[in-house]
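Going line by line, the protein sequences match chains A and B.
Start counting the first sequence at 123; every next residue gets the next number (our numbering).
Start counting the second sequence at 2; every next residue gets the next number (our numbering).
Since the hints were made in silico from the structure, they are not lab data.
Treat each hint with caution, since some may be false.
[As the list claims (entries may be wrong)] Listed below are the simulated SDA-like cross-link pairs for lysine to any residue, each with C-alpha atoms no more than 25 Å apart in a straight line:
id, chain 1, residue 1, chain 2, residue 2
1, A, K351, A, G275
2, A, K126, B, P97
3, B, K108, A, K126
4, A, K126, A, R277
5, A, K170, B, K108
6, A, K288, B, N17
7, B, K108, A, K351
8, A, K156, A, Q197
[Unchecked claim] Derived coverage of chain B by chain A (criterion: at least 3 residues anywhere in the stretch with Cβ under 8 Å from a Cβ of chain A; other residues may be distant):
id, segment
9, 2-8
10, 18-27
11, 30-43
12, 51-57
We treat Cβ as the ideally placed atom computed from N, Cα and C, and that holds for glycine.
Here is how the chains run, residue by residue.
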Amino acid sequence: MEAKELAAAKTTIQRFFATVFADEISAELYQAMKSDQFLMDLEAVSQKFYSKELAHGAMVLFEFMDRAGVDTYPQLRYAYADLFLNAGNNPVLPYESFYADREPITHGESLFLMRETLRKYGLHKDPNYWEPEDHIAVEFDFLSEMNRREASGDRAAGQARADFGKQHMAWRTEFCAVLHSADKSGFYQALAELTLGYLFVAHLSSVPPEEVAPQQPGADLIELARALKGTGPGVKSASAGEGIVSAQAGRRRPATFQDDPNPLLRLWRAVWNNGKS
Amino acid sequence: MAQLMAYDADPNMNWNMVDTLGHDVKTFSDSGEALDYARENQVDIALLGGTEGIDLIRHLREISPQFKVVVFCDSPKIEEIRRALGLAPCSVLFKPVVVEELDACLKRALLKGKSTIKGSLKL
Numbered sequence: 123m124e125a126k127e128l129a130a131a132k133t134t135i136q137r138f139f140a141t142v143f144a145d146e147i148s149a150e151l152y153q154a155m156k157s158d159q160f161l162m163d164l165e166a167v168s169q170k171f172y173s174k175e176l177a178h179g180a181m182v183l184f185e186f187m188d189r190a191g192v193d194t195y196p197q198l199r200y201a202y203a204d205l206f207l208n209a210g211n212n213p214v215l216p217y218e219s220f221y222a223d224r225e226p227i228t229h230g231e232s233l234f235l236m237r238e239t240l241r242k243y244g245l246h247k248d249p250n251y252w253e254p255e256d257h258i259a260v261e262f263d264f265l266s267e268m269n270r271r272e273a274s275g276d277r278a279a280g281q282a283r284a285d286f287g288k289q290h291m292a293w294r295t296e297f298c299a300v301l302h303s304a305d306k307s308g309f310y311q312a313l314a315e316l317t318l319g320y321l322f323v324a325h326l327s328s329v330p331p332e333e334v335a336p337q338q339p340g341a342d343l344i345e346l347a348r349a350l351k352g353t354g355p356g357v358k359s360a361s362a363g364e365g366i367v368s369a370q371a372g373r374r375r376p377a378t379f380q381d382d383p384n385p386l387l388r389l390w391r392a393v394w395n396n397g398k399s
Numbered sequence: 002m003a004q005l006m007a008y009d010a011d012p013n014m015n016w017n018m019v020d021t022l023g024h025d026v027k028t029f030s031d032s033g034e035a036l037d038y039a040r041e042n043q044v045d046i047a048l049l050g051g052t053e054g055i056d057l058i059r060h061l062r063e064i065s066p067q068f069k070v071v072v073f074c075d076s077p078k079i080e081e082i083r084r085a086l087g088l089a090p091c092s093v094l095f096k097p098v099v100v101e102e103l104d105a106c107l108k109r110a111l112l113k114g115k116s117t118i119k120g121s122l123k124l
């Protein structure tokens, strides 16, 4: 298995997680996840995984989507609002600051570190996306972008992805447990289980193969990506207007980006002439 | 440099990488011996592996309610992670231990002082 193939698989998986945690599930994504093809693929891969935890996560999501009825879609939108938009009794905070700083606050040190990381790699959160940069969706999207670059042959991006993953994995594990505890719909519990299974398998893929044998984490991730590709039409970029806006309010950066591979991040394709903006 | 204690019921658990981070670490595979050591010595953070490690947290908190612990799970069973988080560890990480992950976790835990304990997670 080539490193590029694995990086491409992770791109797909992380884009999926970035999308489902970024906002209420879209009608397109819901239909894609409810399609016969996706359900068939998800059930099939859940029986192929070496990791029983990833298999469990995929099966729980399959079972939820398989039995979802006509009322399920609006219920999932309400569930997102209850959990992530503070509309319910037991909200879940999807921000690294809340977990990593160990204080019940948002906009902590992690947010500023995340902004610095994005700047370092020429990225920026879509200004039309209202959540801060240490939101779980933005972090997954950042990883997705780094994997996309690695799959294109950028080795430095691969190292950046690995370093980021090692520094930022712990809080996402805790987020999954808190989400699982808070959700009443079953959908976000299933996503929490699948995300946790993914984080574990991705962790195994980062250590020498002889330490995790007979597990084959790389093969598991490629299979999961194949299944999640079926949600492709639903995973769309949340496009913003022209131009790149600095994290520092009021500073605009000239930009000439032509495509938008990531839903929440923008590439700085132009040279930033500091002071000319 | 911190004084660490590492416990895992599996005697083959490899804690060698902790030494490379420049900390003093005493390792145990017997929970009774680990508890005795914690009672008689200054321990900044306890590294606890597996289900038995999670069980040990309550006993360590009897020694000190603010006892800092980092948990290493064998697998991502969400119920086990919820149980661990309910006991307010500094972090929950996966095995095998990745040295950079542990380093980042220990730095945060050591720097943040008393506020390291995660009491605010709703589980």
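Here's how the hints hold up against the structure:
1. Taking the CA atoms of K351/A and G275/A, the gap is about 21 Å. The hint holds against a cut of 25 Å.
2. Proximity of K126/A to P97/B is assessed by CA-CA distance (about 24 Å); at most 25 Å being required, the pair is judged to hold.
3. Annotation: proposed proximity of K108/B to K126/A is violated, straight-line Cα distance about 33 Å (limit 25 Å).
4. A hinted pair counts as satisfied when its Cα atoms are at most 25 Å apart, and K126/A with R277/A qualifies at roughly 10 Å.
5. About 39 Å separates the Cα atoms of K170/A and K108/B, which puts this hinted pair outside 25 Å; it is violated.
6. In summary, the hint linking K288/A to N17/B is supported, as the alpha carbons are separated by about 18 Å, within the 25 Å threshold.
7. Distance hint between K108/B and K351/A is unfulfilled; the C-alpha atoms sit about 38 Å from each other, more than 25 Å.
8. Between K156/A and Q197/A the alpha-carbon distance is near 15 Å, which keeps this suggested pair within the 25 Å criterion.
9. As drawn, the segment 2-8 of chain B meets chain A at 0 residues by the rule of a beta-carbon pair under 8 Å; below three, the given contact is violated.
10. Coverage of the segment 18-27 of chain B by chain A is violated [criterion: at least 3 residues with CB-CB distance below 8 Å; count 0].
11. Beta-carbon proximity to chain A at under 8 Å applies to 0 residues in the segment 30-43 of chain B; the threshold of 3 is not reached and the given coverage is violated.
12. Under a criterion of three residues with beta carbons nearer than 8 Å to beta carbons of chain A, the stated coverage of the segment 51-57 of chain B fails, only 0 such residues being counted.
Going through the hint list in order, the structure does not satisfy hints 3, 5, 7, 9, 10, 11 and 12.
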